[in-house]
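S.K.: Chain A is already provided as a structure; the job is to place chain B on it using the hints.
2 protein chains.
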Amino acid sequence: MKTLKLGLLGFGNAGRAFAKILEDKKQEIMDSFGYNIIVTGITTGSRGNLYNADGIDLKKAWCELEGQGHFNKAGSDYSQMTSMELVENGEYDVIVEMTPLDIFTGQPATDHLRKAMGRGKHAVTANKGPIAWYYNDLKKLADKMDVQFYYETTVMDGTPIFNLKDETLKFCKVTEINGILNTTTNYVLEELAKGKAYDAVIAEGKKIGFVEADPSMDIEGWDAAAKVTALLNVLMEAGITPRDVDRTGIENITIEDIEKANEQGKIIKLLCKGTLENGQVVASVKPTLVEQGSLMSVIDGTSSVVQITTDLMGKLTIIEHDPELVQTGYGIFSDVLRIVRNLV
Amino acid sequence: MKTLKLGLLGFGNAGRAFAKILEDKKQEIMDSFGYNIIVTGITTGSRGNLYNADGIDLKKAWCELEGQGHFNKAGSDYSQMTSMELVENGEYDVIVEMTPLDIFTGQPATDHLRKAMGRGKHAVTANKGPIAWYYNDLKKLADKMDVQFYYETTVMDGTPIFNLKDETLKFCKVTEINGILNTTTNYVLEELAKGKAYDAVIAEGKKIGFVEADPSMDIEGWDAAAKVTALLNVLMEAGITPRDVDRTGIENITIEDIEKANEQGKIIKLLCKGTLENGQVVASVKPTLVEQGSLMSVIDGTSSVVQITTDLMGKLTIIEHDPELVQTGYGIFSDVLRIVRNLV
Chain A
4 MKTLKLGLLG FGNAGRAFAK ILEDKKQEIM DSFGYNIIVT GITTGSRGNL YNADGIDLKK
64 AWCELEGQGH FNKAGSDYSQ MTSMELVENG EYDVIVEMTP LDIFTGQPAT DHLRKAMGRG
124 KHAVTANKGP IAWYYNDLKK LADKMDVQFY YETTVMDGTP IFNLKDETLK FCKVTEINGI
184 LNTTTNYVLE ELAKGKAYDA VIAEGKKIGF VEADPSMDIE GWDAAAKVTA LLNVLMEAGI
244 TPRDVDRTGI ENITIEDIEK ANEQGKIIKL LCKGTLENGQ VVASVKPTLV EQGSLMSVID
304 GTSSVVQITT DLMGKLTIIE HDPELVQTGY GIFSDVLRIV RNLV
Chain B
4 MKTLKLGLLG FGNAGRAFAK ILEDKKQEIM DSFGYNIIVT GITTGSRGNL YNADGIDLKK
64 AWCELEGQGH FNKAGSDYSQ MTSMELVENG EYDVIVEMTP LDIFTGQPAT DHLRKAMGRG
124 KHAVTANKGP IAWYYNDLKK LADKMDVQFY YETTVMDGTP IFNLKDETLK FCKVTEINGI
184 LNTTTNYVLE ELAKGKAYDA VIAEGKKIGF VEADPSMDIE GWDAAAKVTA LLNVLMEAGI
244 TPRDVDRTGI ENITIEDIEK ANEQGKIIKL LCKGTLENGQ VVASVKPTLV EQGSLMSVID
304 GTSSVVQITT DLMGKLTIIE HDPELVQTGY GIFSDVLRIV RNLV
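So the sequences go chain by chain: A and B. Using the numbering used here, you'd call the opening residue of the first sequence number 4 and step up by one each time. Using the numbering used here, you'd call the opening residue of the second sequence number 4 and step up by one each time.
Just chain A, with the same shape it has in the complex:
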């Protein structure tokens, strides 16, 4: 039995969902691949850190966080190690980057990944920032260091988009990508269409968790821009950043716009798009009229959709329906599993 050691940067909802799946599937992974996966380090922003080169008790870790809001300072694995200290000096084979996103810089996530891969460690990130801002650099570093680097969760949680391209659409050339990638705006547009006032929709959305405390990154289209950039960088080798996306948010959409669209048998969706123009990838995020009864019009609630057009496989559509936290956890898990499968 071999051992694979993970270092976890961040232990929020997604991180804990991942830890629970990992714990649940531990025996199955040992039986299937002969690898015992252990976690040697967990760092958080303000809830303390854990480190034990022989393996942390994961169940105890998530129980402490969920029970008392922070790791137990008197615990034997409690550590002063910061995220970057873990990355630079910790003992691990795979770094799992799940720190909070800074959508305009991709930091500190990108530096964590650089340092870890620079040390010859495999890397998984659930953070879209590094893929939107620095994908080419990170991919080159992974190739140079001969380490594995996966990021499935960055777009549509565990829905296999990047994996699909690597595993089954290899040798196809992607010529166009379309999608609805931001669920907050999808939800807000739907609620506005019911005749509700903008402020009321935002307030209600915050209450049920569909809208963030600061909704501007979603409403202004930055989140969608980062996601479509990540898709285009990986699937179409675009080499762009979110600033290159022709971006319009939904902040200026009025109930009158929605009613006018409705009169024409249409509805407004925040569509993401990437196409090839003269050999260059051109990307946009903008409110777009779509026919009622068309495929894009039926993507509702917190569901997302990606359409991938390729030379050999035509157009494929993949829809994720109303994901929950477990899906994000599964996405990270599936990336770790890819690493294990490739090591066997």
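Keep in mind that the hints were calculated from the coordinates and are not lab data. Careful: at least some of the hints might be erroneous.
Which copy is meant is left open, so a pair is good if it fits within one copy or across any two.
[Stated by the list, open to error] Here are the simulated lysine-lysine pairs, DSBU-like style, with alpha carbons at most 30 angstroms apart:
| hint | residue 1 | residue 2 |
| --- | --- | --- |
| 1 | K168 | K199 |
| 2 | K62 | K176 |
| 3 | K62 | K263 |
| 4 | K29 | K199 |
| 5 | K23 | K147 |
| 6 | K176 | K5 |
M.R.: Just chain B now, with coordinates in the frame of chain A:
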């Protein structure tokens, strides 16, 4: 450079589409994987057979068939070898089974696969018969002989359904499958809804190639039953045959039924379904009322859809839009490529 030898059983539209992709990507595969893929045998029902252990000129082969309707009898590779003789005595590493489907027996495709894998050869089938009728037996044989066995094309052409489960939804338990899997019935129901007479729709469909010469296998739901059986056998280990599917075709759907549905804001689709009941997989194919504006209602023309519900990844939907022959060819190609990747 290593060589991988293929034996092709059948060389119809899908077979030739596959051969063209293979020829086109030959160099890229050599560069990526260090394998030179050659075809040593091609058998057809009535268009002659080719055999050359050093490799057939593929381009010449498809040009002969497309130009004169059969292989050139005076050609140096022309052979009297039948499909079963190629399977039993030919020199090849991978058998690619593309003979015409017998939907009630899965033969002779199943015997071809059994004999080939019994000889320790890898196998790819584009024929849904073997997967619908004998999946468990064939899978066991593949495991016993330690050979690779793939069948992506049997449902939704090259759309990665089976691969998705193997590669990215591994460790998820599939709890339900829904889909629209037969495009002929989807087309016929749509045309009937326009007020056209049944016979006129069938005649027109035959003319444009959407309806087979004998449409009964489609209309009576047998094709859909075979496909959902294949999905359920592989993804839910159902161990059933098409005869176990609670099957109703669209032969008794009248324009009155369609109009009545329309008055209720609904349309009729031939839905395929597999669920777990008391630990058993229960399968059905039947005309079903779906809400206008729902996802299933917007799957039109020759598009297909599969929805997979799992414990850890919730519900995923995959849509193939108006496939052409190249998609079927790509499905076979992607299966051959999986074999190569696993050999490297």
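S.K.: Tell me, which hint numbers fail for this structure?
M.R.: 1, 3, 4, 5
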